[in-house]
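There are 2 protein chains.
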Amino acid sequence: MTDISPEEAARHRDRMAKRKAVQDAEVAEKTIEKGLLIVHTGAGKGKSTAAFGLALRVLGHGGRVGVVQFIKGAWHSAERDALQAFGDRVAWHSMGEGFTWETQDKARDIAACLRAWEKARELMADPSVGLVILDELNIALRYDYLPLDEVVATLAARRPDLHVVVTGRNAKAELIEAADLVTEMTLVKHHFKAGVKAQKGIEF
Amino acid sequence: MTDISPEEAARHRDRMAKRKAVQDAEVAEKTIEKGLLIVHTGAGKGKSTAAFGLALRVLGHGGRVGVVQFIKGAWHSAERDALQAFGDRVAWHSMGEGFTWETQDKARDIAACLRAWEKARELMADPSVGLVILDELNIALRYDYLPLDEVVATLAARRPDLHVVVTGRNAKAELIEAADLVTEMTLVKHHFKAGVKAQKGIEF
Numbered sequence: 001m002t003d004i005s006p007e008e009a010a011r012h013r014d015r016m017a018k019r020k021a022v023q024d025a026e027v028a029e030k031t032i033e034k035g036l037l038i039v040h041t042g043a044g045k046g047k048s049t050a051a052f053g054l055a056l057r058v059l060g061h062g063g064r065v066g067v068v069q070f071i072k073g074a075w076h077s078a079e080r081d082a083l084q085a086f087g088d089r090v091a092w093h094s095m096g097e098g099f100t101w102e103t104q105d106k107a108r109d110i111a112a113c114l115r116a117w118e119k120a121r122e123l124m125a126d127p128s129v130g131l132v133i134l135d136e137l138n139i140a141l142r143y144d145y146l147p148l149d150e151v152v153a154t155l156a157a158r159r160p161d162l163h164v165v166v167t168g169r170n171a172k173a174e175l176i177e178a179a180d181l182v183t184e185m186t187l188v189k190h191h192f193k194a195g196v197k198a199q200k201g202i203e204f
Numbered sequence: 001m002t003d004i005s006p007e008e009a010a011r012h013r014d015r016m017a018k019r020k021a022v023q024d025a026e027v028a029e030k031t032i033e034k035g036l037l038i039v040h041t042g043a044g045k046g047k048s049t050a051a052f053g054l055a056l057r058v059l060g061h062g063g064r065v066g067v068v069q070f071i072k073g074a075w076h077s078a079e080r081d082a083l084q085a086f087g088d089r090v091a092w093h094s095m096g097e098g099f100t101w102e103t104q105d106k107a108r109d110i111a112a113c114l115r116a117w118e119k120a121r122e123l124m125a126d127p128s129v130g131l132v133i134l135d136e137l138n139i140a141l142r143y144d145y146l147p148l149d150e151v152v153a154t155l156a157a158r159r160p161d162l163h164v165v166v167t168g169r170n171a172k173a174e175l176i177e178a179a180d181l182v183t184e185m186t187l188v189k190h191h192f193k194a195g196v197k198a199q200k201g202i203e204f
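Chains as they are written, first to last, in UniProt numbering: chain F, 1 to 204; chain L, 1 to 204.
These aren't lab readings, by the way, just hints derived from the structure by calculation. Please note that the accuracy of each hint is not assured.
[To be verified] Once the Cα atoms are required to be at most 35 Å apart in a straight line, the calculated DSBU-like pairs of lysine-lysine come out as:
{"#": "1", "chain 1": "F", "residue 1": "193", "chain 2": "F", "residue 2": "172"}
{"#": "2", "chain 1": "L", "residue 1": "172", "chain 2": "F", "residue 2": "20"}
{"#": "3", "chain 1": "L", "residue 1": "189", "chain 2": "F", "residue 2": "189"}
{"#": "4", "chain 1": "F", "residue 1": "30", "chain 2": "L", "residue 2": "197"}
{"#": "5", "chain 1": "L", "residue 1": "172", "chain 2": "L", "residue 2": "18"}
{"#": "6", "chain 1": "F", "residue 1": "189", "chain 2": "L", "residue 2": "119"}
{"#": "7", "chain 1": "F", "residue 1": "172", "chain 2": "L", "residue 2": "172"}
{"#": "8", "chain 1": "L", "residue 1": "189", "chain 2": "L", "residue 2": "172"}
{"#": "9", "chain 1": "L", "residue 1": "200", "chain 2": "F", "residue 2": "193"}
{"#": "10", "chain 1": "F", "residue 1": "119", "chain 2": "L", "residue 2": "189"}
{"#": "11", "chain 1": "F", "residue 1": "34", "chain 2": "L", "residue 2": "30"}
{"#": "12", "chain 1": "L", "residue 1": "20", "chain 2": "F", "residue 2": "34"}
{"#": "13", "chain 1": "L", "residue 1": "30", "chain 2": "F", "residue 2": "72"}
{"#": "14", "chain 1": "L", "residue 1": "20", "chain 2": "F", "residue 2": "119"}
{"#": "15", "chain 1": "L", "residue 1": "20", "chain 2": "F", "residue 2": "197"}
{"#": "16", "chain 1": "L", "residue 1": "172", "chain 2": "F", "residue 2": "30"}
{"#": "17", "chain 1": "L", "residue 1": "197", "chain 2": "F", "residue 2": "189"}
{"#": "18", "chain 1": "L", "residue 1": "30", "chain 2": "L", "residue 2": "172"}
{"#": "19", "chain 1": "F", "residue 1": "200", "chain 2": "F", "residue 2": "119"}
These figures come from a predicted structure and were not determined experimentally.
Please put together the full structure from these sequences, using the hints given.
Below, the structure written as structure tokens:
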């Protein structure tokens, strides 16, 4: 593989020099600085984990991060344990009561979501916070546990320097419309199909 | 929204109780414990960030994590800075020399990938490491900078308790075949299209 002729090396160099010129021109065109509204949706894995990866990036720049979990509540979260390494630079609020099939109580689920949304608004209003992760907010919106119009309007009216990540399956069209960056995590292959159970460090 | 009739509450409770029974049965069927070979591919964002989110999860369980970056090299990485909070529980090796259009030198790119692969094999052989992230390995495989058969065979023959995450666009079919869990990050909407530049904390 390392046996490259001088001609091939030169062709490669020319091709890459052209590609670099295109890349540089594209980067130069983009000049707007703004906090982004980001949505991670889809049936695949990685929606919440990618949000926590972004948290690492913000923390690496010295910023502060707020997390509100709308569905997950009491159960143990390893990523939360890990982020304790950053002390009060991470404000983590698990406000959910568990999945709907765990609580089996719609009024309680709605009350939990409303409390979570209040906490989310509080974090978004805190100028020291650079990134707010609204984990599984899409689920709360899908079940109409929160008023969609108000939530989208509040997210759209966020501080100009605030990044917000919303996760969960079945993101509403109105939220996607308001977002700057939307990624759909698509399931290609899952080990559960092969009888493999949820693995420590991966699923929990 | 919190105005739920007793009948509706009861119907909800019944529906959720049935759903819980189905969920519990599904979980009980899955009994295999194993380290997973995970692939994050696709043109969307979140491939590497989701891998670093998994790192947090493993760290939260007290485990150790190895990272090898096959393409990214010299440039500043905020997630790397953040993970320094975990001291020697994270072994981070940026072995790349930058994108192909930056180096413009194919022989140098190949040599860097071969060194990165050696480091990857070393981390995978270390029994204290629970998760190895092979960041952008898919790019090295796509350009045939590494021998696909050997890489896939080595990943497939990993220790039974080792999780490996491979990231990058255009994952090879042979790697997807060998993997336990494959997620495609699909681009739905990107702020670059609206002239917004790469944002601190999000892209870097």
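Structure-based check of each hint:
1. F:193 <-> F:172: Since the Cα atoms of residue 193 of chain F and residue 172 of chain F sit roughly 28 Å apart, the hinted pair holds (cutoff 35 Å).
2. L:172 <-> F:20: Given that 35 Å is the threshold and the Cα spacing comes to 25 Å, the pair holds.
3. L:189 <-> F:189: holds (24 Å)
4. F:30 <-> L:197: holds (5 Å)
5. L:172 <-> L:18: Given pair residue 172 of chain L, residue 18 of chain L is violated - Cα atoms ~41 Å apart, limit 35 Å.
6. F:189 <-> L:119: holds (28 Å)
7. F:172 <-> L:172: Holds: residue 172 of chain F and residue 172 of chain L sit about 33 Å apart, inside 35 Å.
8. L:189 <-> L:172: holds (25 Å)
9. L:200 <-> F:193: At roughly 38 Å apart (the allowed maximum being 35 Å), residue 193 of chain F and residue 200 of chain L break the hint.
10. F:119 <-> L:189: This hinted pair holds, its Cα atoms lying about 28 Å apart.
11. F:34 <-> L:30: Violated. Residue 34 of chain F to residue 30 of chain L sits at ~45 Å, over the 35 Å cutoff.
12. L:20 <-> F:34: violated (43 Å)
13. L:30 <-> F:72: holds (22 Å)
14. L:20 <-> F:119: Holds, at about 29 Å.
15. L:20 <-> F:197: holds (17 Å)
16. L:172 <-> F:30: Holds, at about 32 Å.
17. L:197 <-> F:189: Holds, because 33 Å separates the two Cα atoms, which is no more than 35 Å.
18. L:30 <-> L:172: Satisfied, since the Cα-Cα distance of roughly 28 Å is no more than 35 Å.
19. F:200 <-> F:119: Cα-Cα ~29 Å, so holds.
When the structure is compared with the earlier hints, violations turn up for hints 5, 9, 11 and 12 and for no others.
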